[in-house]
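Asker: Residues per chain, in single letters:
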Amino acid sequence: MNTRPTSPGPAATRNPRSPLDLFVTFSILALQGFGGVLAVAQRELVDRKGWLSREQFLEAYAVAQLLPGPNVVNLSLMLGDRFFGWRGAFAALAGMLLAPLLIVISLAASYNVLSDQPMVAGALRGMGAVAAGLMIAMALKLSVTLRSNPMGLLPCALIAITTIVLVAVFRMSLVWVVPGLGLSGWILARWFIMRQRKAT
Amino acid sequence: MTEVFVLSDFPEFFLRFLALSLLSIGGAMSTAPEMHRYLVGERGWLADGEFTTAIALAQAAPGPNVLFVPVLGYQVAGLTGAGAALIGILLPSTLLSLAVSRWGSRRRETLAVRAFTAGLAPMTIGLLMTAGWILALPFLGDAEHRWSALTLIALTVIVMFRTRLGPIWLIAAGAAVGAMGWI
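Those protein sequence lines, which keep their order, are chains A and B. Taking the numbering used here, the leading residue of the first sequence gets 12, the next gets one more, and so forth. Taking the numbering used here, the leading residue of the second sequence gets 5, the next gets one more, and so forth.
Okay, chain B solo, but in the shape it has when bound (with noise of 0.2 Å):
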């Protein structure tokens, strides 16, 4: 069962995605897992199926990944919390963009900036993986959809490897196998 959110939770909430964004280093979905662990987790505001819900309703529709975000805020408290965790999730990694932006990219050659690139890729790796595991995690535990999805996830990522189709052709693959009640 999930949990009522009640509006004395929102700042918490708000703040929460305010500390996310800074943490966003290779993009919002690494931050995916703090937002499960959070969200389903620690307050059980959403359960695991809701969750990849919202990542596949964003994968789904157009625009950046990052939209997820508002699509989870908006399951847990309507079109405030969307806004909210949009707001949230965006504003002090735009701000920071731009000083940085302004300030220069002359800079990117150097020893420091080198080894932050460098140092910061293995971790990005290891939390775009941790956020894949999680979104396959609601298939895993259900015995029903167990392997017709785990074979799924397997073909796309073969898909992914061996062709150069766009992922909307996937998507809308594995939209039509599901609606047809395969998986």
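Just chain A, with the same shape it has in the complex (with noise of 0.2 Å):
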């Protein structure tokens, strides 16, 4: 487990020290995610730290949004599995989560204690409405991506639409949502790749 990942691309230059070095820049890094740590993760592994090549750095971005779980978190555990096996991993979670966690919960603690004073509640509410902005954009720019799905515009259109539908509308369980259009997405997204394979 003592190797760095050999996929091609250049840059790879150097290897954390030990699980400690993990656990210091994944702590650096998540502290200076303010709403994302994608991007800040990025410039601390790739550019400044040299531990990954942009293209290992994508990879394992691409594997850790497959699977379920906050992406920059698998992207942590996937990056110190590679380096250190099971310690690593642990070292890289805990930097990512531990400081972050102690700032959020003693923020939270004081916003019940501090939740009367008119300013602190009107502020929240601010915040809170540009959550839902942020929200709303980052699932239409996504939604870009699907020009690009084999499924085609329509079949992706009309998914989304019924996620919608059952969840917000319906207030349906994902219990139930996630894997029953999940089972008829892959198996429309089989259909489609398969029927472009056989046209070229």
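For the record, the hints were derived by calculation from the structure and aren't laboratory data. By construction, the Cβ of each residue, glycine as well, lies at the ideal position given by its N, Cα and C atoms. Treat each hint with caution, since some may be false.
[Said to hold, decoys possible] Some chain A residues judged to face chain B by a derived CB distance under 8 Å, without partners named:
1. Val35
2. Val57
3. Pro79
4. Val83
5. Asn85
6. Ala140
7. Val178
Two chains, two frames, a set of hints: combine them into the complex.
Answerer: The structure is reproduced here in structure tokens:
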């Protein structure tokens, strides 16, 4: 496990020295990640530390995205595991979560005390509205990637709208929605990809 | 009114988050609608506004977005709730990630895996849209703040599309505008 990942691409020049090095690096990058850690992770791990090439980073992120769980958390786990096995995975995960967790829980605790203050309540309301906007913007931006989806735009839109209707309108549980729509999507995508392959 | 969390609710609470972990394809945020359904709708432990506050706090603080989950746990059942929610949402997905990552990423170009990524993408986007809708809900029901909040939401979307501004600046601006009593 003590080897660097061996996919092509230059510029992975260095290795972390120890699990502690991983822990400290991931703590520092997590603490800079306001509203998302991914961009910071790319800059720290690829551009500044040189632990991964750009290609290796993208590859790891693609796999992290495919799996359930928070993407950047999966990413930190997988990188830690590649360098130092279980110890590395744990060190990277702890680095990613520990310091931000302490901060956010202290915020939550003091919010319960301060929430009577109209200014604090107002600030939180404003932040809540921005949070809603950020989420909607992210979903809209990601939906652009559906253009290159092998299923084509119409089936994709149908699946997305069905998801929204089932979850937002009928309040259906994800326990049914994810396996149900996920399996239908998988079968549909498989059929479209096979058809494309036959056509070419 | 919100309901009281009692100790005997604890095992079921933890199990729910364990199950949600395996459903969180596309990130923990895609399970926000389900958490809302469970914590606010089904059990009534949290009010709509408290749910949105948890997500706003996690967005305002540095670190991965998944930290809104322990904040929700904290609001429901204090530090124990925070710990249970965080461990629950991470443990299954973490073990699965490690296993799959070790099994190898060489099969990424195979039909089954490509169909998996392509087939799940539209559903993931639908779930994220729903999460945005649920975050906006408390403002829609609040006649006093409805239009100012909707304007702020729309402005945020526009800025996210038109500029490269970091989200932290938008969150800070939202806090400032809110603190001045405009929202």
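Asker: A closest beta-carbon separation below 8 Å is what the hint needs, so does valine 57 of chain A meet it against chain B?
Answerer: violated, 18 Å
Asker: Have a go at the valine 35 of chain A hint: is there a Cβ in chain B nearer than 8 Å to its own Cβ?
Answerer: violated, 15 Å
Asker: Tell me if the interface restraint on alanine 140 of chain A is satisfied: Cβ within less than 8 Å of some Cβ in chain B.
Answerer: holds, 4 Å
Asker: Is the interface hint for valine 178 of chain A satisfied, with its Cβ closer than 8 Å to some Cβ of chain B?
Answerer: This hint holds: valine 178 of chain A lies near chain B, its Cβ roughly 5 Å from the closest one there, short of 8 Å.
Asker: Is the interface hint for asparagine 85 of chain A satisfied, with its Cβ closer than 8 Å to some Cβ of chain B?
Answerer: This hint holds: asparagine 85 of chain A lies near chain B, its Cβ roughly 4 Å from the closest one there, short of 8 Å.
Asker: Does valine 83 of chain A pass the interface check with chain B, least Cβ-Cβ distance below 8 Å?
Answerer: Since chain B brings a Cβ to about 5 Å from valine 83 of chain A, closer than 8 Å, the hint holds.
Asker: For the hint on proline 79 of chain A, just tell me whether its beta-carbon gets within less than 8 Å of chain B.
Answerer: holds, 5 Å
The structure is inconsistent with the numbered hints 1 and 2, although it conforms to all the rest.
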